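Which chain is which? The protein sequence lines are S and U, in order.
Each step along the first sequence adds one to the number in the working numbering, with nothing skipped, and position 465 is 465.
Each step along the second sequence adds one to the number in the working numbering, with nothing skipped, and position 208 is 208.
Think of the hints as simulated: they come from the structure by calculation, not from any bench.
Remember, it's a predicted structure, so these values are computed and weren't measured experimentally.
Incorrect hints may have been included.
Stated by the list, open to error - Pairs of lysine-lysine residues, derived as DSS-like cross-links and limited to a Cα-Cα distance of at most 25 Å, are as follows: (1) U:K230 <-> U:K129; (2) S:K433 <-> S:K388; (3) U:K129 <-> S:K462; (4) U:K196 <-> S:K462; (5) S:K70 <-> S:K44; (6) S:K433 <-> S:K478; (7) U:K196 <-> U:K230; (8) U:K239 <-> S:K478; (9) U:K230 <-> S:K433; (10) S:K44 <-> S:K57.
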Amino acid sequence: MSSQARELETLATSDYKFGWVTDIEQESAPPGLNEDIIRFISEKKNEPDWLLEWRLKAYRHWLTMTDPLKRKKSEQWAMVTYPDIDYQSIVYYAAPKNAGDGPASLDEVDPELLATYEKLGIPLEEQKMLAGVAVDAVFDSVSVATTFKETLAEAGVIFCSFSEAVQDHPDLVRQYLGSVVPHTDNYFAALNSAVFSDGSFCYIPKGVRCPMELSTYFRINAANTGQFERTLVIAEEGAYVSYLEGCTAPMRDENQLHAAVVELVALDNAQIKYSTVQNWYPGDIDGKGGIYNFVTKRGACRGANSKISWTQVETGSAITWKYPSCILQGDNSVGEFYSVAVTSLKQQADTGTKMIHIGKNTRSTVISKGISALLGQNTYRGAVQVLKGAHNARNFTQCDSMLIGDQCGAHTFPYIDVRNPSAQVEHEATTSKIGEDQIFYCNQRGISTEDAVSMIVNGFCKEVLAELPMEFAVEAQKLLGISLEGSVG
Amino acid sequence: MLEIRNLHAGVEGAEILHGIDLAVNAGEIHAIMGPNGSGKSTLAQVLAGHEAYSVTEGEVIYEGQDLLDMDPDERAVHGVFLAFQYPVEIPGVNSAYFLRTALNALRTARDEEEVDAIDFLTLIRDKLKLVEMDEKFLKRSVNEGFSGGEKKRHEILQMAVLEPRLAILDETDSGLDIDALRIVANGVNTLYSADKATIVVTHYQRLLNNIVPDFVHVMLDGRIVQSGDKTLALELEEKGYDWIKEEHATHSV
């Protein structure tokens with residue numbers, strides 16, 4: 001078995017195509033976490049006092065909290081295991097040198113860095129010409145360049161790095177920061193609130209339909225660095241925006257922590273569509289290396305008739321712990337969650353959503369597709385809550401698992417809490433195995449086993465992939481194939 | 001084209017084929033008949049390369065090459081096609097995508113240019129007529145929710161698109177009504193040419209009214225016990241398999 005596992009390992013890990021390290025000068029804080037480090041970060045970013053105070057408040061709260069893994073066994077609900085994280089060995093701030101002030105244009109960006117993004121398949125230069133996608137690229141902790149800023153400004157859309165937003169639009173930031181995910185929310189959200197270094201900020205004014213897809217690429221480059229980005233998207237009344245994010249990281253033997261927070265706010269008649277393709281380094285078959293992806297994502301449908309739609313394709317990370325959720329406050333508001341999560345190698349994913357129905361006639365849809373291969377463990381965890389005043393709330397949840405091989409696992413934990421008798425909640429779940437017969441059928445028609453697995457898996461995920469914007473859907477399909485290479489045969 | 005010599009094969013240690021000999025030349029149609037459990041479908045699966053079956057003895061030479069040495073997808077590239085007795089469902093993958101992927105896989109392996117979506121549509125429309133299928137089939141997931149007859153016609157459609165040199169039809173007639181039977185047979189006959197060969201595995205004679213075989217072989221207990229021309233099929237239809245069982249039993253003694 002072990003030589004076979006070895007072979008699988010080579011096959012599976014040789015295909016992480018984003019595992020290089022970019023050799024550029026870094027400016028970093030010393031490892032460790034204390035109030036001085038937080039002051040250092042805040043000062044580096046020239047932040048106003050209120051923000052420093054907010055960070056410190058979050059830090060002091062975090063100190064009172066217990067690492068989820070150190071809780072009593074009975075209080076550990078996530079189906080993931082990992083060694084203790086030494087929060088004092090992490091570097092909380094790393095930036096490409098000379099990027100302190102932020103480049104004014106692409107010409108000022110380190111060419112090495114631009115080359116990195118080209119390797120990732122997002123040539124910023126070309127992005128300028130290709131209509132449709134504006135990119136904000138976050139490298140370790142600092143946002144490197146934002147394209148299309150001018151075009152967007154004409155429409156009144158603000159799309160910039162979080163640091164810039166703090167400088168240029170402090171009132172908006174102050175009004176909404178922490179309003180969906182408070183600094184006390186959970187251990188990792190509190191940590192993020194204390195040390196977040198950058199991220200993206202997006203504001204769509206009243207009645208504006210954002211003229212292009214907005215996109216952020218995240219990359220962790222530096223060793224021993226945590227990435228703690230913060231994203232805030234606000235859609236005013238009647239506004240619409242589609243936002244995409246993609247993530248990669250170098251292959252490293254040690255684990256890296258990624259604890260991000262994303263907050264979305266949709267006011268009356270506003271719509272936010274948020275799509276993620278997450279391909280952080282997954283580690284190897286022995287569980288060595290890889291990203292701990294502990295992320296808090298939540299959207300508030302504050303206004304009537306508002307809509308928030310999450311779509312995620314999670315193929316990377318050693319451990320994924322994330323539950324993009326919707327708080328359906330406004331009457332007639334709509335929440336959606338479409339998810340594909342792949343766990344191969346020794347990956348663990350505990351992911352799902354929370355739909356909280358508060359307003360009348362609120363509706364939510366949850367479609368989750370979990371795929372497990374090799375030694376992967378895949379858990380769907382989803383909560384549907386219908387509060388007392390949520391008359392005529394509707395939820396439909398469909399939760400499908402696919403197993404490839406006989407050493408992986410799929411688990412489903414739905415939590416349903418209904419306090420209004422007029423509510424209708426449906427939950428459907430299936431588990432299937434990629435059959436040898438399906439693969440043989442494809443083989444007999446000339447399709448190789450790898451391509452057959454990719455095709456069968458893509459078919460299985462079709463409903464979710466259909467929710468992704470076109471360019472992303474193609475990328476996601478390829479990624480699914482690559483993630484599962486070497487898992488059969 | 002195909003030469004099977006003393007083929008022994010089975011599943012999980014239990015031998016099902018006890019020494020099959022069969023030669024098929026280009027331009028010929030062979031029918032393999034026999035009662036249930038005689039090993040007909042096993043032979044078809046072994047020729048296509050299903051990994052559940054292991055070959056314990058004998059050899060299969062296909063166009064001068066060792067067929068048993070090839071992976072199933074390699075066999076397809078070399079022109080071997082199996083119309084499945086039980087076509088497999090692939091949810092979420094539509095028929096057009098599946099067929100184009102298969103066609104392009106074969107073409108790429110043969111160093112031919114891939115067919116783009118537009119050319120493919122032209123090509124497939126033509127083939128759809130052959131099996132009297134509506135274009136809307138192309139949008140449905142492979143075999144999912146298909147009726148028995150639709151599945152079998154879909155197999156022939158794939159055969160029409162992939163244009164194999166050696167087609168093996170495994171009980172393609174089972175579960176078909178008269179119309180579907182006619183359509184399937186018409187498809188097979190239209191695709192027939194002098195450089196191709198077909199092996200029709202069937203339980204009943206009725207398909208052979210429409211697809212006229214050059215040779216008929218009767219399988220019993222994992223062996224071919226009798227071979228003849230199409231009149232043998234008619235004789236079987238009339239008398240059933242019992243007489244051949246008795247005769248074979250007598251011979252064995």
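Hints, verified against the model:
1. U:K230 <-> U:K129: Between U:K230 and U:K129 the Cα gap is close to 29 Å, so the pair fails against 25 Å, i.e. violated.
2. S:K433 <-> S:K388: Not satisfied, since the Cα-Cα distance of roughly 40 Å exceeds 25 Å.
3. U:K129 <-> S:K462: Distance ~29 Å between U:K129 and S:K462 Cα, so the pair is violated.
4. U:K196 <-> S:K462: violated (38 Å)
5. S:K70 <-> S:K44: Violated - the C-alpha atoms of S:K44 and S:K70 are around 33 Å apart, more than 25 Å.
6. S:K433 <-> S:K478: holds (21 Å)
7. U:K196 <-> U:K230: holds (19 Å)
8. U:K239 <-> S:K478: The given pair, whose Cα atoms are some 57 Å apart, is violated under the 25 Å limit.
9. U:K230 <-> S:K433: violated (44 Å)
10. S:K44 <-> S:K57: holds (19 Å)
In terms of the numbered hints stated before, the structure departs from hints 1, 2, 3, 4, 5, 8 and 9, listed from lowest to highest.
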